[in-house]
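Listed in order, the protein sequences are those of chains A and B. Residue numbers in the first sequence follow the numbering used here, run continuously in steps of one, and reach 632 at the last position. Residue numbers in the second sequence follow the numbering used here, run continuously in steps of one, and reach 661 at the last position.
Think of the hints as simulated: they come from the structure by calculation, not from any bench. Each hint can be trusted.
Straight-line Cα separation of at most 20 Å, SDA-like style, residue types lysine to any residue; simulated pairs:
no., chain 1, residue 1, chain 2, residue 2
1, A, 253, B, 386
2, B, 150, A, 282
3, A, 172, B, 256
4, A, 253, B, 384
5, B, 250, A, 471
6, A, 145, B, 280
7, B, 250, A, 512
8, A, 253, B, 500
9, B, 150, A, 262
10, B, 419, B, 629
11, B, 405, B, 468
Remember, predicted model here, so these are calculated numbers, not experimental data.
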Amino acid sequence: MTLRRGNAPGHPRIPGGLARAIRYLGRYRRIALAAYGALFLATGAQLMVPQLVQNIIDAVTRGLIATRVLELPASIQALAAERLGLSLDGLTADRNGAESALLWAGILIVVFAILRGLFAFSQAYMGERLSQSLAFDLRNDLFAKIQRLSFSYHDRNRTGQLMVRATDDVEKVRLFIGQGLLMAVQALVLLTGTLTLLLFTNARLMLVALPILPAALALFIVFGRVAQPLFEKVQRFLSSMNTILQENVAGIKVVKAFSREAEQSSRFSEAADRLMQQQLFVARIFSFLFPFVFLVANLGQALVLNAGGRQIIQGTLTLGEWQKFSLYLVYVFIPMGMLGMIISQMSQAAASARRVFEILDAKIDVGNRPGAIALPPIRGRLRFENVGFRYFDSGEAVLSQVDFEALPDQTVALLGATGSGKSSIISLIPRFYDATEGRILIDGHDVRDVTLESLRSQIGIVLQDTTLFSGTIRENIAFGRPEATQEEIVAAARAAAAHEFILSFPDGYETPVSERGSTLSGGQKQRVAIARALLMDPRILILDDSTSSVDLATEAEIQEALRRLMRGRTSFVIAQRISTVLNADQILVLDRGRIAAHGRHADLLESSEIYAGIYSSQLLDDAKPELASMEA
Amino acid sequence: MFAGGPHLRGALERETSRPKSVGATLARFGTYFKPYWPQLLLVVAFMLAGTWAQVTTPDLIGQIVDCYLTPAVTSQFSGGPSLPGLPSSAEATQTSNCRFPEALQLTTNAERMAGMGRMILLVVGLYVLGAITGGLQFYLMTHSGQHVLKRLRVAVFDHILRLSIGYHVEHEAGDTMSRITNDADTIQQAVSFALVQVLSGGLLIVWIAYNMFTRSVPYALVAMSVLPLMVLATTYFSNQARRAFRRTRKSIGSVNADLQESIAGVREVQAFSREAEHIEAFREVNAANRDANIRAVAYTSALAPTLEAFGYVALMLVTAVGGLAILRGQDFFGTTISFGLMVTFLGYVQRFNQPIQQISVMWTNIQSAIAGGERIFGLIDTVPDIQDQPHAFPMPPIRGAVEFKDVWAEYKPGEPVLKGVSLSAEPGQMIAIAGPTGAGKTTIANLIPRFYDVSRGQVLIDGHDIREVTSASLRGQIGMVLQDTFLFNDTILENIRFGRPGATDDEVIAAARLARADSFIERMPESFKTVLGERGAGLSQGQRQLLSIARAALADPRILILDEATSSVDTRTERLIQAALEKLLAGRTSFVIAHRLSTIRHADQVLVIDEGKIVERGKHEELLAQGGFYHDLYMSQFRRQESSLAPGGDGRGTMEPSPAG
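With the rest of the complex left out, here is chain B (with noise of 0.2 Å):
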């Protein structure tokens, strides 16, 4: 009866944050629930009747006490009618609680025993009735919370999708996934758990003091008086738990960056014979974990057996304040005490303990439930930047002319990163655009697709302003091969057939026969049908690209922009890489950001940027002739290409061996 549970520890150590306006995010929540308002109404009935069966069996025990079991006591040396003098049962009556006058009637123990039989059936239908509605109410509240918890999740989803990619360039991606992970974790806990047993602990707490207080008001006050120390135990103890797990969540935060860190580095630090030292750093760190967790589990430690003595406390009380009155006559302050009303009340404190746990606890995990639902409908309520136009229509098949027109662009308001770039490509061309970091290579790259909008200017496809066309019908027309290759933990097969998802298997592994990766592919062990890890775990830097272009050759796009990896994969995959763009590029129109001196050769035109601005553009040769800004980046940039070797050897440069070699 007295378990504190070890929900308890749990829920206080979850981390809680308060909601700012909270009347707003209930609201909202409301429309979600609004779906279900029959099944919620069916909870607050289940819910009703369960309580109900709850404060009814502690009262029906005492009439038991009462009716029947009082007066057979002391009909043991007054029954019969050879003791005349004796108060009679009936005069019995007006002293007990009996709500049954009948009863009192009764001579017989037989007849007593047949009556006490039929109120313990009614005892056990209400058990019954409480098991059926709990298990109803758990389930249908569930039921209703899981599927809003589902259709907030698909939301935010799929608004995370929608938001344009400069939102995701300035938030950190491990924050947007909390939104959906702990923020929607929480709410779970909360619709699933916390909210039924508030509501009903609630409701427990205020019927069985209305049970008390109309049965007798005085002694009602006695067996209610250690209530307030509960509360005020619960509350003192809770938010001390609280704010020192606060403390352990840093603690064993830091417990596990020093493991990962030296599990990661455990090569570095044998090849410096730094083992000693990290073990005794460790030691600290875990001891300053341990310490934490001791001093936070002094006080959930106390929370539960404070709880219980006073339990005990409350229990002494309701018998010896109740026994003292029967013993004196039975009044106590104008109430009549009897055997059966102290056997109710006992019943009744021994139901006040584990909702105000519960409660206390809940409370915040309610609170965290409802500031998570202020983050996701925060998030929810973020204006993607990027939008089709009311009267967008789908762009017409690509013939593949990109113009941009005095374009402007910028991240951040007032610090432009492209300041009038105009460029024109032919179908079919391939542009090459180079520069030093940061001059705004990409950011060209990233306007074609309409990833970002310009701030001003226009980009045009076959004379189209691509903001009036639809994104979804501008980008199935672009294909993208990124520098770092992002690669699904799927197949082999499905990664590439992400380019086209209706693709066959036929032209999804002609795709790859294309881009020169079936070699390496039919060598994987489960060959196209291979499940790569977690962002392509097992591939190298090479292999990625390879698949990255049989992507884009999958998607058979007319424009293609191409980021070239500048990390050094070995020589043979360099070639098979340099054949593969070969292949992809012929006839399409291409946008280059050049770190290969080969792909810049073989441009169309050359595009130099420095600071926003292209400073220089023709071809190779010409740039290279004019002995300008373009001159001096080659020489530093890709110069070196010649004076070095190519990149070779095993390129990865990792001490880790291969143990194919």
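Bound-form chain A, shown alone (with noise of 0.2 Å):
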């Protein structure tokens, strides 16, 4: 808009990412034509107020002299009426008029004070209203990309992060286009219309004032300037005495427990400490600054009330025009002060509007390709042919050469120590990542050339760290098919070992999932996540076999609906307990992204000395002794 053409020193132009943040006002255009309509008519109906204060107060001077003069006698009112230069049939329409004249004016103040207070009131509205809708757009436009973000862009990005940018930044953008931007051409255009008409009215007084202008625009620009990096300095300082204290109320019995009281007792009093100083620190910089401005202000008034005095006295002003005058003035630095502060605000809202084009810019690495066909309801056969795979385009590989095929309803057993690649694995199947070698086939079908949706309907998936979202624990259920009836999902519930669970709470299947899933155990959760799964009847099946603490009877129940889940369904399974082992259809043994080992628990056994290691270590070992003291 007008600031495009550059009014700041250093800011030349609106910086790209503002620039199309503006772009999204083009959706309300009516709205924003009505927010800046009335953002002139309020400003014209402000302008109008000093100059009728003027013609007031000169229908009084001018009523009052015409009356003094018409008061004279006779023989020398012609003489006094010349030397004002007036004519007594002038003065005489002044005297007789200047009831009339003020009336009018007062009236017509009444009604530009409405008419401004009417469209002042429709452009902050108004402005509000676009604000408020460009930051529903972008969090909108944000929420939805997120959300289709492939895991690889997830695993880069904490949580936090994203969530700064939909929140603060989302913010500061819709502070900086919806009110900053507004009030910068509102300033401008009393500026400039204050500063036309103090020109057109009276040149030479406005010169007097003239020079300060531009010493409080700087002013104020050093203002905006020093204090935004001076905040944000506090705004460190708070955060690092409250994550002390958050550390401190966290972790209570640590602290307690090694009698660390006083250490960090004064840990937090220096951080409050410093904070205070910096808090100080600001204080005496604004404590000068801050006034400072306005005594600048101030000075331009007393120049230009001494100018104004001057020439009435000398009798080229007049009185009305001189309060009209003080009263502009106050109209030029007002806007100045608000140029300032958006200027210093103009910076940090484009950092802001470019990290969030950053995201809606980001790439989806993975993707429905353009023709990609809907993945027909599949018998389950699925095969790896020589898959590699490495996460962000570099780096080690961490799958190579992998190739196997799983014929529909077995079940495949992953093995191998952390990070071999068992993770990476399962997460390619749904086409979490893509391989980046060789491809992977359902049915034939190459898991890249079909949609992503009818893909990944046709997988159920079961982790051991199982995320609920809030709702009721039947909307959690009924997660991956929304349309799923109560039958269904009691049937599925009960089939997961969860109905009984369920119905013990007093609202049953409606009870509220807390935030974190707080109201329901590990192993509770870890049901609902099977009954989750079983709902949508998926051909393939991955899931993590371990089970949280729980007491004996819990993990049987478990156990048992996880056999029921499986059975029928090809299943990949990351192997934690030996009864899956020994149950599995194919072993894969992998060893730092290679298959080290493929067969059946007894080839294996065997033939696979990593598989042998693997097996003694992590279950004979420590049972063994144990078996011996059973045995005696």
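Using the hints, build the complex out of the two chains.
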């Protein structure tokens, strides 16, 4: 907009991010027009008021002078009128018309005050609507984008970071585009309007105050520049103090156990002191800068007061004009303060806008290929063909030359040390990532040739660390199939051995799952997750068979539920227990991203040293002495 | 002059609360401010001087008009001796409000200009005075306010550390946090801005009113007639706005909750192809938030323009009524109105606006600050459950004999968690505590370092009742390795050193070696200097436990309490932990809340707890042979460690692949 032409040194143009954010306003052209239209009208009405005040004062002055002159003896009336450069008729008109001129001007002021109020309200309200609509759009776009960005993106970015973009950054852009820009335009309109009026009415008087203007603007900009980093530093010290506090509240037991109270207290006290010193530093600067800025503005007033006063004494200026001038001067300094503030906000808002668009422009690594077909109902035959995989296009290969085939209804157990590639294999099947080499075929379809939705809806996933969403237990079970009937949901819950504990809650299936699922224990969450997967009735199943600490009976139930879940499906299991390995149709032993051994338990025990090693170290070691003692 | 300012919305948006006992809380604040009374006195003095400068300026400008300008204008047609019959300048004094009669005697414009120049210099002097006093007043207030705030913060923090574990279990961490963060923040706002603004704003209004009334009562009434309307409008709009913003706080809360949940659970959402539904659901919450905000800003948007319009009306009244009076012979219900008085009043009505807005907005801010103070003082006044007795003595070096004599304990009165537990541990023994969840295992562990007091019976260490010794000397000799290892946002080195702050770097490294933590630490990017994220993010459960063991090893306690982790860690780490523990436990009296088979087998005594009582005790094999409660417990809790593969693979079990693998 107007700012684009550049009025601030160092900020020649609106930065790209902001320009793009401004384009969002195009969707709300009518609101934007209303806001900016109201702005012009409101500013116009505002500019009328000092003029009308002048009219009143001048009417009074003229009326008074006329009255005085007309009260003089007739002989010298003419002489006095001549000195004033007025005719007697004019004086009479002044005298008789003074009161009605005054009343009219008074009425007009009220009218303009009301207009000003109405339009200023419309401007503020429409501006706010505009900014809220912009924030609404930005948040929606961000949310949609974040939901669709691939796993690799989310691996690199933390929840907290993305949250900040969607909250703080959007808010900063909103404030700037919705309010800052409007304020800047208003300030410029008011400033140019006022300066033009002043120059036209009395250029000589205006020139007196003019030198103050750039000085004031510079001061305001300095003020904004200085303030921002200072506040940021305060914020930093504040948050580091709060970190100490939070650590001590959350870790109180450790602090007490090691009797570290005194030391922590002095640590906190130091942080609080540092914060205080910074606050005081800011206060010192502000207690100088702020009054100084006002002093400069006031000096402008004093200059005009003096120069105007001299003109009045010389008879070249009226009292009314003089008052008008001092009213208009306020209109000059306020917009400059606003501009200074907005300019200092602009670079921040630009940085925020850039961060927001960085997300919106992020490439979705895994998406539907043009012409992708819907995967037809699958039988469950799955083949890895020489699959290689690395994260982020670089770095070490996480998987290389993985080649195997799972037949429908088979159970494939994955075994290996941390980081051997088990998680990567199962992540490739539903295309959380795309293989970097080779291909993965389901019933002969390359997974990259089918739509994500049709692929993922036929794959069920149960992991040890289950994420549940806020909502009821029923909604969580129906997560993958919201249209499922109550009967289907209950059936799934029964099969997952979850029905009974669900009914033990007062609200049954309608029990809300609180934030982070704290109403449910680990074992319960796991069973809800199993029910969730069961309800989808997937042909391919991916799961982690470890159970969190639950009592034996529950564990048996979970195991049974898992067995039921796996029956008749192609299953991939990250194996944590011996029973899984014993029952698996295939065991893949992974070592550093390669299949080190492949086969059934009995064969592997003989043929694979790695497998034998894992088997004996993870199972027999702990159990052997125990078995011995049992026998004894 | 009539700008509402963006601070307005900020102030209205904030959560407000009302104090219950204003007097008591203010008195309490008073004691905190007491050391700063000379500064506060200066603040008041500067405030008076600054306000005086502000109210005097319009008056001086009025005087300029009446003493120099009006006479000059009149003399344009009446000046000079050639016009007999005209009222002389001296006579005009009666109808002007000029208080400097000698000024009216001036006859030349040059003299008038010089006189006016002198008076404008006075005005400039007043501006300078206002700026200086304003700055000093702000700084001094902030200075004492910040010092008080710091004292308050430290006092609350120290008290939080003094409060017993029981308090912290009962009160959520977030709630305790907000006492220092939010409440202290409101207090800070109040002491650095709100208080000064409300006081000086109030003073300014009163002073202006006084000045106007002493000049002319009827004219003052006219000028101030819009004031009640302004007050009404301000209170109405700001109350409505506050109410509306309360709704926006809720709506933005659900927007953020939705965001948080969907971002954190994005993998699950994609796995179940639920993106479209989530996006749609978010759109609704987001729209509700937009609408709530638009409703709220309708009020804030209305406030400033309304006040501005009233301001113009006041301006009009002063000029129009004053002008009429001047036209009709300057008499207005018995008082004289002159141009100067009109200009003075114009200056005054322009100064009304801001203080009214500020007072109404800031007043609730001050109320909230008092309420915040009330909550903070309430916390400081909470008496800690566990305190050293008046004659408590330091615990002598512990040998390690621990005895429980008929111990009863309860978290809630009337609901005992331990019911008559007696036990005796010889120095150097390892005591395993086993039992179902909720049996009271953790309670026994919590009683030894006196995190809680027994409700009946005694806990003795080397024959001393632990309530008779100082907590610091007791806990200093007891080490704990807790299930959920708490790590600080600091380097690994400092996190281990937490066990004994005086330890040298070499000692810290030696402890890490003993705990077998050195190998993974050395693989970290900056080895021991690596800064751990919040709560030790980036480390696995097992690695965190190793650090915790290192910490305990550094502390070198005589008695060790260990809560074994229930969650699975990978096999390699599991072994490291076992080996580290064996080293750590050797030669110390230890209490282990056992979750591992190997631990329980090596114990000198196994205490089996059920429903707050020790139901069985002895060595593992003896207990197993008894075929009683322990046997059943063993079958359900420990047996599976042999029937299943010991925790292995990548036990984290998330879909998040570790880039290293």
